[in-house]
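Colleague: Each chain, letter by letter, is given below.
4 protein chains.
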Amino acid sequence: MEGLLKELIEQCRPDTQNGKVANYIPALAKADPSALGVYILDRNGLHSQGGESQVRFTIQSIIKPILLLQALMDNGEDFVRSRVGVESTGKPFDAINIADAVNQEILSEHINPMVNMGAIVMCTLIKGENYRDRFNRVLELTRTLANNPEIDVDEEVYLSEKATGNKNRALAFLMCSCGLLDGDVEEVLDCYFRACSIRVDCRDLARIAFILSNKGRDFLGRELFPAKYARYVNAVMLTCGMYDGAGDFALTVGVPAKSGVGGGIMAVVPGRMGIGIYSPSLNKKGNSIAGLRILRRLSRQLELSIF
Amino acid sequence: MEGLLKELIEQCRPDTQNGKVANYIPALAKADPSALGVYILDRNGLHSQGGESQVRFTIQSIIKPILLLQALMDNGEDFVRSRVGVESTGKPFDAINIADAVNQEILSEHINPMVNMGAIVMCTLIKGENYRDRFNRVLELTRTLANNPEIDVDEEVYLSEKATGNKNRALAFLMCSCGLLDGDVEEVLDCYFRACSIRVDCRDLARIAFILSNKGRDFLGRELFPAKYARYVNAVMLTCGMYDGAGDFALTVGVPAKSGVGGGIMAVVPGRMGIGIYSPSLNKKGNSIAGLRILRRLSRQLELSIF
Amino acid sequence: MEGLLKELIEQCRPDTQNGKVANYIPALAKADPSALGVYILDRNGLHSQGGESQVRFTIQSIIKPILLLQALMDNGEDFVRSRVGVESTGKPFDAINIADAVNQEILSEHINPMVNMGAIVMCTLIKGENYRDRFNRVLELTRTLANNPEIDVDEEVYLSEKATGNKNRALAFLMCSCGLLDGDVEEVLDCYFRACSIRVDCRDLARIAFILSNKGRDFLGRELFPAKYARYVNAVMLTCGMYDGAGDFALTVGVPAKSGVGGGIMAVVPGRMGIGIYSPSLNKKGNSIAGLRILRRLSRQLELSIF
Amino acid sequence: MEGLLKELIEQCRPDTQNGKVANYIPALAKADPSALGVYILDRNGLHSQGGESQVRFTIQSIIKPILLLQALMDNGEDFVRSRVGVESTGKPFDAINIADAVNQEILSEHINPMVNMGAIVMCTLIKGENYRDRFNRVLELTRTLANNPEIDVDEEVYLSEKATGNKNRALAFLMCSCGLLDGDVEEVLDCYFRACSIRVDCRDLARIAFILSNKGRDFLGRELFPAKYARYVNAVMLTCGMYDGAGDFALTVGVPAKSGVGGGIMAVVPGRMGIGIYSPSLNKKGNSIAGLRILRRLSRQLELSIF
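Residue numbers (our numbering), protein chains in the order written: chain A, 7 to 313; chain B, 7 to 313; chain C, 7 to 313; chain D, 7 to 313.
Among the hints, a few may not be true.
Some chain C residues judged to face chain B by a derived CB distance under 8 Å, without partners named [as the list claims (entries may be wrong)]:
| # | residue |
| --- | --- |
| 1 | F85 |
| 2 | R87 |
| 3 | S88 |
| 4 | A169 |
| 5 | L180 |
| 6 | S183 |
Worth flagging that the hints you see were computed from the coordinates, not collected in a lab. Note that the structure is a prediction, hence the values are computed from the model and not measured. Backbone N, C-alpha and C define an ideal beta-carbon position, used for all residues, glycine too.
Taking the hints into account, I'd like the entire structure generated from these sequences.
Modeller: This is the structure:
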């Protein structure tokens with residue numbers, strides 16, 4: 007397997023030149039655009055890695071499935087489902103998916119947990135004394151899923167996200183005005199910005215993905231969360247996870263996955279493996295360009311598609 | 007299995023009272039709202055059926071995956087992909103997904119083969135001397151997939167669809183004006199209306215679904231079309247197939263499927279089985295209400311979800 | 007006055023180089039882009055002209071106020087108002103202003119007589135045995151208002167409009183599907199395309215504008231239509247007449263006006279004068295570029311603004 | 007004239023029962039729904055009043071033309087025009103008129119000074135050391151135009167607006183994210199909320215309207231601002247002033263006007279008179295229902311329409 011990874015990395019690394027590193031905040035712009043790392047963990051306990059798999063980067067939108075998972079663990083499926091829909095929006099991740107206050111039930115159907123609006127609502131559904139507490143629970147869940155207690159926050163990225171997050175403020179206040187979001191907007195967003203700034207590497211993502219691929223259980227068979235929550239998260243990732251390129255990804259790779267503007271992709275192959283990718287050069291839709299390419303080739307070679 | 011089906015039909019039949027039979031044309035309004043039939047065909051060759059599985063009804067939107075398949079067989083993936091996108095639109099099936107002529111490449115990304123606009127384009131991609139010929143090839147493919155040479159067209163439904171199809175005319179002329187559609191609009195639509203009026207029963211749908219679940223091969227292992235086209239059709243059905251309820255369906259059933267306003271649902275369980283359902287009482291999104299319920303229960307009992 | 011016009015034409019003619027002649031049909035593309043003509047008719051009977059005021063060109067969208075006037079004369083204000091709204095759409099003239107069939111009363115509020123959708127509905131409100139007859143009444147009204155029985159149709163333009171009018175077909179079928187438009191779409195559109203192809207010169211436009219500025223009366227004081235219809239048409243022209251540049255025109259010129267892609271502008275100075283302009287070089291919004299400039303200067307020099 | 011007003015008030019007061027007093031904040035809900043007052047000031051210095059013309063109420067959106075005027079006086083037409091467009095949006099006053107950061111110049115064309123987004127930008131264009139200072143200049147201008155130094159702020163309304171203004175916060179942060187708005191959002195909005203809470207009566211509105219009708223000059227002929235700014239404000243009010251009912255108002259009344267959810271309407275009859283109306287019972291578009299009716303009748307009786 008490591009031979010295959012090495013070969014694929016060689017083939018796909020030139021693609022990194024066709025995209026751009028996220029530069030809306032200086033901390034992200036510093037990433038090495040040519041970096042490309044992969045980490046795979048399969049159900050037989052086999053670990054395989056290649057390229058810059060040990061580089062740490064901010065999790066960004068890949069925190070969205072984890073926020074959803076925590077909200078499910080705290081509230082159950084029915085409550086979460088009643089507050090945030092599960093349909094693809096057909097729009098970019100930071101789009102305004104709702105307009106004016108009409109009917110909360112209808113409005114909530116126009117967002118999903120993989121777009122910013124939905125992920126911000128997830129922060130309010132997570133239990134906690136206050137938003138610092140809620141964030142800590144999300145960090146703790148991330149560490150537990152990745153079996154890595156050293157996962158921390160990139161403070162520079164966090165502060166930059168907070169300083170430049172006016173579009174997210176607009177989304178949050180809009181949801182307040184429609185009754186979709188309760189609580190102090192700045193505190194909710196602080197939790198969200200911190201969560202997006204959690205720092206991981208490819209192995210962390212592969213381990214989290216593995217638990218999702220394995221019905222919520224770790225290698226030893228211990229249940230970290232019920233199988234039905236894994237199905238919920240995986241289904242939402244497949245239909246809405248790859249920004250407005252989810253359909254194309256379903257076609258060409260065919261597994262649940264979530265990408266982040268930090269350059270990460272977490273891919274879940276149900277019943278088989280978890281995959282973590284890092285390559286910060288992004289295409290126009292905000293997905294890692296070499297990361298996509300390597301997943302397409304892996305999918306073909308290993309017949310990963312669930313279809 | 008037939009015992010299970012009998013039990014589920016008993017449990018779900020009362021749901022038929024919570025919906026409404028399509029009534030935009032008189033021929034559809036005549037359907038018995040309490041009807042509920044199921045037909046399952048698994049990879050071991052086991053046939054199981056229950057309820058009104060022998061009633062014949064018009065295929066309606068379930069023809070969309072077949073139109074897509076014929077277009078793929080005639081043109082290959084790249085050409086079809088370049089003409090019609092694969093992203094969920096986030097809108098109803100008959101929505102206007104494009105506005106003004108700007109850039110064909112961008113516009114084509116806003117439609118997919120499971121919404122009316124995309125399905126109408128598929129008719130123009132299918133090979134044929136003329137549109138009568140193209141339709142005949144679609145009918146022939148449907149008969150071949152279902153292994154049923156007696157499949158025909160419901161002339162009354164076809165004439166009604168043609169008479170009342172002004173929204174589809176609007177969609178077609180709009181695509182003409184943007185360069186997304188070539189050819190005589192009335193002829194293209196005639197092919198589309200005829201194809202939607204093809205009459206099938208649950209067994210036909212189960213057999214077509216089985217081929218899609220089996221990488222394009224029939225029971226004898228004969229390849230009717232390449233495995234990659236099955237993956238294409240299944241992926242697009244999962245992300246866009248159940249109207250604007252695709253995300254919910256992925257969550258609660260978890261398999262590629264397509265529904266039609268005639269009351270049919272065709273569900274594909276990759277590697278395992280094909281399912282055909284009939285129950286014409288529809289929910290507000292146009293999906294068979296008891297059909298959805300029975301698929302949810304089947305999925306839970308038989309662990310059908312691919313996630 | 008003719009001295010002033012000569013001077014203004016000299017100043018504004020260079021602007022014709024900053025725009026483009028409409029070229030969506032060949033017949034329009036043949037126009038001389040540097041042409042600029044003006045004709046003014048004031049309440050004292052003074053005629054003034056300058057430049058290429060004698061060139062004949064197709065009336066195009068300037069027929070819209072005349073279609074509205076004929077519909078008002080045939081049905082009264084209340085009926086017309088109930089069928090087509092009077093609010094600015096905030097969108098281009100050929101935009102899709104309505105989406106799905108919900109409620110005719112609400113939908114009709116989203117169109118107005120100065121955008122294509124509204125003007126097409128006007129054709130259906132005009133009385134006549136058939137659509138040929140309705141068109142003849144519109145032509146007759148145009149001749150009467152312009153006091154010029156020789157006004158005719160440019161057959162080449164008419165045939166081209168008919169051949170390329172798919173966007174208008176889409177708009178018409180969409181309105182059919184919403185219940186906003188009755189009748190055979192091709193016949194309705196034939197009437198509309200013919201009406202847009204009526205050929206006029208600057209004097210014709212100035213004379214029509216004069217009647218509108220003079221409460222529906224000609225120089226001899228004969229009432230051609232009631233004053234309230236002149237107010238209706240003028241108000242709608244001011245708020246919606248200059249495509250999506252109506253607000254800017256209200257600010258910088260300040261009188262009711264209507265432009266056409268043939269290069270004409272008809273401006274109504276209530277209580278004072280009628281103005282006809284011709285200059286086929288258009289800006290991006292489809293308004294005559296030198297025509298706008300000359301009207302701005304005329305407005306400032308003669309203090310024409312009604313504000 | 008006062009006889010006419012008395013008669014019209016008697017005729018129109020029953021209309022107050024067909025609407026509803028604004029109740030999104032408690033302070034507004036306390037208004038007497040049956041109140042109806044009118045104040046007219048004509049160019050001959052004639053004052054006429056009727057009904058509850060002495061009741062004080064918050065100016066709300068009628069501050070928008072005054073914010074525009076102050077911005078014009080501080081920056082000139084070209085600068086203001088380059089920052090905020092003048093086209094009708096075709097949407098409700100508090101709509102989201104822009105989506106994503108693309109091009110500031112294009113985005114600014116989608117707002118106007120009579121909708122919330124545009125009015126909030128006006129606050130940032132007004133000169134001042136800080137936002138308290140800018141507000142004070144707006145208050146001072148209002149007092150000067152109304153020749154009433156006692157005009158003040160309704161603190162209860164101001165605090166309520168500030169507490170419930172999440173939709174406006176969303177609009178402001180959205181404009182920040184697009185580069186349309188600079189400055190601290192809470193400070194900008196504080197200025198805006200205070201300005202909307204300025205308390206006036208019908209006479210104040212009539213006097214302000216009179217100056218606008220009189221090319222910026224008071225009774226003694228003193229120029230308070232240049233005539234061209236009066237034209238700018240009047241033109242924008244006519245095309246965009248009456249929420250999404252501007253077209254209907256142009257048709258049935260035919261003069262520039264601005265309404266507010268506090269129940270006020272300020273109407274400008276160019277060259278002739280200023281009118282102030284108060285009647286807090288509103289129709290669905292947020293306009294005073296009896297106020298509209300009385301203006302329609304006044305317009306017909308006194309032939310006020312500029313068309």
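Colleague: With reference to the structure, classify each hint as holding or not holding.
Modeller: Checked hints:
1. This hint is violated: F85 of chain C has a C-beta 24 Å from the nearest C-beta of chain B, more than the 8 Å allowed.
2. Here the hint on R87 of chain C is broken, as its CB sits about 25 Å from the closest CB of chain B, past 8 Å.
3. Residue-level restraint check for S88 of chain C is violated (minimum Cβ-Cβ distance to chain B is 22 Å; threshold 8 Å).
4. Checking A169 of chain C against chain B: minimum C-beta separation of about 12 Å lies over 8 Å; hint violated.
5. Taking 8 Å as the C-beta cut-off, the interface hint given for L180 of chain C holds, the closest approach to chain B being about 4 Å.
6. Because the smallest distance between the Cβ of S183 of chain C and any Cβ of chain B comes to about 4 Å, under 8 Å, the interface hint for this residue holds.
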